[in-house]
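Just so you know, the sequences run in chain order E and R. Everything in the first sequence is counted per the working numbering, starting at 477 for the first residue and increasing by one. Everything in the second sequence is counted per the working numbering, starting at 477 for the first residue and increasing by one.
Source of the hints: derived by calculation from the structure; they are not laboratory data. Careful: at least some of the hints might be erroneous.
Pairs count within a copy or across copies, as identical chains cannot be separated in the list.
As the list claims (entries may be wrong) - Only pairs whose alpha carbons sit at most 20 Å apart, straight line, appear in this in silico DMTMM-like list of lysine to aspartate or glutamate:
no., residue 1, residue 2
1, Lys552, Glu664
2, Lys723, Asp758
3, Lys804, Asp651
4, Lys679, Asp510
5, Lys752, Asp731
6, Lys723, Glu616
7, Lys552, Glu719
8, Lys552, Glu663
9, Lys752, Glu616
10, Lys798, Glu664
11, Lys798, Asp510
12, Lys804, Glu814
13, Lys810, Asp673
14, Lys679, Glu664
15, Lys679, Glu663
16, Lys679, Glu814
17, Lys811, Asp758
18, Lys798, Glu506
19, Lys804, Asp731
20, Lys752, Glu719
Protein chains: 2
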Amino acid sequence: MTRKIVIALDGMGGDMAPDMVVRGAGIARERHPDITFRLFGPATRLAELVKRVRWLSDCCEIVPAEDVVTNDDTPKQALRKRRTSSMGMALDAVADGQADCIVSAGNTGALLASATVMLRTLPGIRRPALSSLLPTVRGETVMLDLGANMQCDANNLAEFAVMGSVFARTVLGLDQPTVGLLNVGSEEGKGNETLRDAAAMLKAEGSPVQFHGFVEGNDIGAGAVDVVVTDGFTGNVALKAMEGTAKLYTGFVRDAFKTSTLAKLGYVLASGAWTKLRKRVDPRRYNGAVFLGVNGVCVKSHGGTDALGFAYAIGVAVDLVKYNLNDKVVGDLKKLREIVAAEVAEPVVAVAGGTGTP
Amino acid sequence: MTRKIVIALDGMGGDMAPDMVVRGAGIARERHPDITFRLFGPATRLAELVKRVRWLSDCCEIVPAEDVVTNDDTPKQALRKRRTSSMGMALDAVADGQADCIVSAGNTGALLASATVMLRTLPGIRRPALSSLLPTVRGETVMLDLGANMQCDANNLAEFAVMGSVFARTVLGLDQPTVGLLNVGSEEGKGNETLRDAAAMLKAEGSPVQFHGFVEGNDIGAGAVDVVVTDGFTGNVALKAMEGTAKLYTGFVRDAFKTSTLAKLGYVLASGAWTKLRKRVDPRRYNGAVFLGVNGVCVKSHGGTDALGFAYAIGVAVDLVKYNLNDKVVGDLKKLREIVAAEVAEPVVAVAGGTGTP
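Model the full structure from these sequences, guided by the hints.
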């Protein structure tokens, strides 16, 4: 361990902030002794909370920030508070090099817009993207964009593929993560021109990405690829649709076990199994969406999370800082650019067009 | 019961056709004594199969069709076989008025394209849409488009809302089904211009649709609205993503109960609960996507379904024919057109624009 990782925390972001933030920091610190915090928010109130958490006694500097970005604030309103709000000041600490990363459970739109403006994007990245790990049959899959960009062109999608691929190498420890473009079918002609153009870039010779091809919605849960790439509209809808289904099925299972005395008895006997199941699908384990492509590590925690979930989000930030994610992204992007530039100079045969199949 | 409903069956559509089609027809006929079939496909082979199913002895006319639309056929190739294939000839029977509806488990793209050309669209409908019922916490929800139209404008979405609303009244027996537009947030400024324009049309005074507003992916499983409207790309991805999650969770539950002897015992005791659960989430119960907007009733069964699932798809077709779905769609669309025309004549205040929030 060379030096401590400094984490800027938005003390007032999240439905249960600031209490949840402080306790989450305590849990994370217990797991990662090599981290320290710069905690932004109302000083007196935060000091009170920090005092109660043993793990934070010697590693949490409170930086007074009197303003708060609320959930109703537009990105513009949030940006106006950048010098005074807990979110803005925490981002500023990363921009200034006073912290290695920021973790916030605050207003998503405000955080993404502020991070883009204040941290700027990495060289070669036109649009940062929101990314997260999702549970699958085979383990875990990286998915992006989950809602930062409503419309994306082929270049954006290709950049997402590079960023997602590096992210998977970093957090999943994979050598050659496979990348799929989310579409309505796996055949080459499916979808729209944007998707077909992005596919052509990604499968070009020398591409830094192990491109699998098009994948469909059900391939996400099946773990067909390590990285699923899509635009922010589709990604956000699909992610939430999957969350809704998970909730629905949990309810169905619970209902089924209430229907008879035998079933209730079975439920009690299987309580160990339930605990394991609950742990496995615990959404807190997947908390911590990474805003990839900004020049700095920015992790967005779910707004409704508790301390344990927030600690997981901090853990994601720690991983990314340790593995120098952004340097690797910049390197791989350069490779992709060179290939695309070479292809423009010497055009290859166009990708097979649409077959007209919807 | 005035007269029998005549159902045209694509005898060769589906992975397990024609056996599955014939046995599915038998199950459907047992449930609906007021239906008869015109079964298209290889005559000798079909006659062999029909002979084995008691319920079909007096209600199944075999119409020889020697050609087959395969899963590899493009819509164009399928259309070329319209006079000779089981799918094309079954559609033709509906177009000619020799059958009230068609049920096919064949190639989706081919069926949608052929149905659009051969049946044509209803007056006022620019684009037909694929629609289905999905299970929710509150019961069932209609969702469309599930993959017929990759790109949709505001008019298309508004038409889908009208069709989905009539569909929900018909198959769910609701007086005033609520309709939501799928988006990345429920606030007015969210999403893109297409969605905001469609919302403006649907919430106009006198709209034939009970418009709830924007809904998010998780609202589908929560049953927040009776009808979820989206473009075919997003709908297809979301639907399949939800299917993938359902599969994932089923696997998680199964795994959890294998972990200890007590859990296994609990599993056995709760076997009644499992049976109930399996029934409730049985995808066959939700088989039968309706191609709304064509001038005729066209139901697409899942290609991999078995006889029971195919029987459910036939049941959907029977319901739609009985309730004159298409007449109601035409009536409600006329209402929407009048409102939109009136609004163009006297423009209302524009809908609140985007806030810039992703």
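Go through the numbered hints given earlier and state which of them the structure violates, listing their numbers in rising order. Violated hints: 4, 7, 10, 17 and 19; rest satisfied.
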